[in-house]
Amino acid sequence: MTLYLLQRLLYLVPLLLGAVTIVFVLVHMAPGNPVDYIIGESGADKEMIARLTADMGLDRPLYIQLLRYLGQVATGNLGYSFVSNMPVLELILDRLPATLLLMASQLVFSISLGVGLGVLSARRPNSLLDNSITVFSLASFAVPVFWLGQLLILGFGYYLDWLPIQGMVDLRAGYTGFDLVLDVARHMVLPVLTLTLYNLALILRLTRGSMLEVVGQEYVKVARAKGLSENTVMIKHALRNALLPVVTVVGLEFRALIAGAVLTETVFAWPGLGRLTFDAIHARDYPLLMGMFIFISVLVAVGNLVTDLLYALLDPRIRYR
Amino acid sequence: MAVQADDILLSIEDLHTYFFVDGNVAKSVRGVDLSLGRGQTLGLVGESGSGKSVTAQSILRLIQQPAGRIVQGRIVFEGTDLASIAEEEMRRIRGNSISMIFQEPMTSLNPVIRIGEQIAEVVRLHRGLPAREALDYATDMLAKVGIAEPARRIAQFPHELSGGMRQRVMIAIALSCAPRMLIADEPTTALDVTIQAQILDLMRSLQRESGISILLITHDLGVVAEMAHRVAVMYAGQIVEHADVATLFERPLHPYTEGLLASVPGLDRAPTPDRMLPAIAGTVPNVLDLPPGCAFQDRCPKVHDRCRREEPPLATVELRHDARCWLHVV
Ligand SMILES: Nc1ncnc2c1ncn2[C@@H]1O[C@H](COP(=O)(O)OP(=O)(O)OP(=O)(O)O)[C@@H](O)[C@H]1O
Ligand SMILES: [Mg+2]
Numbered sequence: 001m002t003l004y005l006l007q008r009l010l011y012l013v014p015l016l017l018g019a020v021t022i023v024f025v026l027v028h029m030a031p032g033n034p035v036d037y038i039i040g041e042s043g044a045d046k047e048m049i050a051r052l053t054a055d056m057g058l059d060r061p062l063y064i065q066l067l068r069y070l071g072q073v074a075t076g077n078l079g080y081s082f083v084s085n086m087p088v089l090e091l092i093l094d095r096l097p098a099t100l101l102l103m104a105s106q107l108v109f110s111i112s113l114g115v116g117l118g119v120l121s122a123r124r125p126n127s128l129l130d131n132s133i134t135v136f137s138l139a140s141f142a143v144p145v146f147w148l149g150q151l152l153i154l155g156f157g158y159y160l161d162w163l164p165i166q167g168m169v170d171l172r173a174g175y176t177g178f179d180l181v182l183d184v185a186r187h188m189v190l191p192v193l194t195l196t197l198y199n200l201a202l203i204l205r206l207t208r209g210s211m212l213e214v215v216g217q218e219y220v221k222v223a224r225a226k227g228l229s230e231n232t233v234m235i236k237h238a239l240r241n242a243l244l245p246v247v248t249v250v251g252l253e254f255r256a257l258i259a260g261a262v263l264t265e266t267v268f269a270w271p272g273l274g275r276l277t278f279d280a281i282h283a284r285d286y287p288l289l290m291g292m293f294i295f296i297s298v299l300v301a302v303g304n305l306v307t308d309l310l311y312a313l314l315d316p317r318i319r320y321r
Numbered sequence: 001m002a003v004q005a006d007d008i009l010l011s012i013e014d015l016h017t018y019f020f021v022d023g024n025v026a027k028s029v030r031g032v033d034l035s036l037g038r039g040q041t042l043g044l045v046g047e048s049g050s051g052k053s054v055t056a057q058s059i060l061r062l063i064q065q066p067a068g069r070i071v072q073g074r075i076v077f078e079g080t081d082l083a084s085i086a087e088e089e090m091r092r093i094r095g096n097s098i099s100m101i102f103q104e105p106m107t108s109l110n111p112v113i114r115i116g117e118q119i120a121e122v123v124r125l126h127r128g129l130p131a132r133e134a135l136d137y138a139t140d141m142l143a144k145v146g147i148a149e150p151a152r153r154i155a156q157f158p159h160e161l162s163g164g165m166r167q168r169v170m171i172a173i174a175l176s177c178a179p180r181m182l183i184a185d186e187p188t189t190a191l192d193v194t195i196q197a198q199i200l201d202l203m204r205s206l207q208r209e210s211g212i213s214i215l216l217i218t219h220d221l222g223v224v225a226e227m228a229h230r231v232a233v234m235y236a237g238q239i240v241e242h243a244d245v246a247t248l249f250e251r252p253l254h255p256y257t258e259g260l261l262a263s264v265p266g267l268d269r270a271p272t273p274d275r276m277l278p279a280i281a282g283t284v285p286n287v288l289d290l291p292p293g294c295a296f297q298d299r300c301p302k303v304h305d306r307c308r309r310e311e312p313p314l315a316t317v318e319l320r321h322d323a324r325c326w327l328h329v330v
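Chains as they are written, first to last, in the working numbering: chain S, 1 to 321; chain L, 1 to 330.
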């Protein structure tokens, strides 16, 4: 098991190297460049532009820039932001908790609600309850994240004025202690709701389909023939088997989860990595952008690894060596 | 070995189980009468689709919901009509007074739960044993059904066991609460010949020890000859003949039974695949759309006018020998 883990982590190195190279080239080839952004509308003379370009190392051939960057990353240094001049790693770590908070809460909600509603749906297929759940989940899945977010902002924030719609805390109020926690929780409601509604559908549909397949299996009939209650049959005997494909797909969809988080953070001005990425793209802040990319890649890889381990935990037939 | 009325453990009277699918009604079981004596084995034979499994699952009310339903009839077990008791009461009977084992040992154990737990959960449920003792009990049960190293096996998962061993585990599960009746739906069909013989031996010796009654569903007339005291032959959702095993093999009354027996070579030989129920010319009529009269009319060599008009009743032709055929209604 430990050996397997080490192996998986080792595989990460060439994978990341390849990915970083490709993204590096793509990012630098994209139209626009950071010098223009820094100088802005005000305009500057040719000399100044040349000096800035040289300062950032942007006058060198692309492959030299790439090699220098890789060498730097190998020593654990992600460089400095073109825009703020802060170390990239520090910028990222600074924003990480906000994003993790959002991601973790939305995962908890969408998995528990998705699995719960999926099981409920599968219990009586094609019943009124099942059909209502289906319609609801398809609708929430079909709606784009940013639009749903804006709809919620309009409804709950603007018209009803029940919930804050921007940011993570109310800075003006200067809350401390428990009040601060409450304030953050209030700010979290809409972004978490947006993300949950979006991700819930996939998990729900998967759970339902998987449950329907599993309840047709002979061992479920055997479980009933033992005299077990319907809840025990469904949860102990059926659900554990039905979760296997759900875990796999959710693991594979980890990237989409992150993409959804980026969009949602932008809509709600949530001070997390998503917002940071958005800003970095806008400013062509190459070091920050590359740093973000590496960070997200590692996050996805770790997510996939956790999925595999979870799978092995659920299914005794799988043993990693 | 005459069975007295008070020795009857289970009697099914006029059982009808239908499936309601897309506005159609599949009358899978239509008027089955059966009885099973204490300590006896009743063989239930018939072609694929004749309604054997549906009959068996009706007893434990395990018919697939919501399509399937027992529409009529009584299933009297030790004086209680199982067809009319509350679901909760039914659950106390399942796995406790009446157990069931299925055809596919490869799929009837839960792949993600340890063998020991799959046995232990039943005794915890029905006997109220605490966890530790239930697991010890499971170990004893495994030993009883002839599994070596039971203490090691209880910690294993189904995929670590062979097909024969899994069927032994299924038997251990079924017998763990000392039920009065075992329903075995083709328990050996999926196993190879030597393992088949071992499992049948095991069932017989367990029956000798405990006096359990067995409803044995099979395609294999050889298995019936070996295991059963009485036999019921099923056709298109009805019992067409019901007799002691020796009587049925010597003097079959229904043309369908005659056909079955005629095409079985040497029942005294070891079981071979071709001893399985043979194909009689023609096919089983569709339970969605039965002709008026006898269900066997289109395949029957002795068919006459009356068979096409009226449905024959299941009549007692001689002592303890019933048949559903106009030829034998006097
Ligand atoms: N869940 C169901 N929904 C609809 N029809 C069903 C269902 N289960 C069984 N039937 C129908 O009931 C009839 C009898 O099926 P059953 O499984 O009892 O046959 P069987 O005698 O056990 O056959 P086999 O020897 O193949 O096991 C079949 O025609 C089948 O199509
Ligand atoms: Mg069957």
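In short, the hints are calculated from the structure, not lab data. One thing to keep in mind: the hints can contain errors.
[As the list claims (entries may be wrong)] With beta-carbon atoms standing in for the labels, derived distance ranges: (1) L:Ala197 <-> S:Tyr11: 37 to 43 Å; (2) S:Phe141 <-> L:Ala67: 37 to 43 Å; (3) L:Asp7 <-> S:Phe136: 37 to 43 Å; (4) L:Ala197 <-> S:Ser127: 43 to 49 Å; (5) S:Phe141 <-> L:Ser11: 52 to 58 Å; (6) S:Val181 <-> L:Asp140: 53 to 59 Å; (7) S:Phe136 <-> L:Val21: 23 to 29 Å; (8) L:Gly23 <-> S:Val189: 43 to 49 Å; (9) S:Leu314 <-> L:Gly23: 39 to 45 Å; (10) S:Phe136 <-> L:Asp136: 23 to 29 Å.
Note that CB positions come from ideal geometry on N, CA and C, so glycine has one too.
Each hint, compared with the structure:
In this structure the supplied range 37 to 43 Å is violated for alanine 197 of chain L paired with tyrosine 11 of chain S, their Cβ-Cβ distance being about 51 Å. One distance hint, 37 to 43 Å for the beta-carbon pair phenylalanine 141 of chain S and alanine 67 of chain L, is violated here, with the actual separation near 29 Å. For the hinted restraint 37 to 43 Å between aspartate 7 of chain L and phenylalanine 136 of chain S, the CB-CB distance of approximately 58 Å leaves it violated. Range check, alanine 197 of chain L to serine 127 of chain S: about 47 Å between beta-carbon atoms, so the 43 to 49 Å window is met.
Hint check: phenylalanine 141 of chain S to serine 11 of chain L, Cβ distance near 54 Å, so the stated range 52 to 58 Å holds. Checked against the given bound of 53 to 59 Å, the beta carbons of valine 181 of chain S and aspartate 140 of chain L, roughly 55 Å apart, stay inside it. Remark: the range hint 23 to 29 Å for phenylalanine 136 of chain S to valine 21 of chain L is upheld by a beta-carbon distance near 27 Å. The hinted range of 43 to 49 Å is satisfied by glycine 23 of chain L and valine 189 of chain S, whose Cβ atoms lie roughly 47 Å apart.
The supplied range of 39 to 45 Å is met by leucine 314 of chain S and glycine 23 of chain L, whose beta-carbon atoms lie about 40 Å from each other. In this structure the hint that phenylalanine 136 of chain S and aspartate 136 of chain L lie 23 to 29 Å apart at CB is violated, the actual value being about 49 Å.
Of the numbered hints listed earlier, those contradicted by the structure are 1, 2, 3 and 10.
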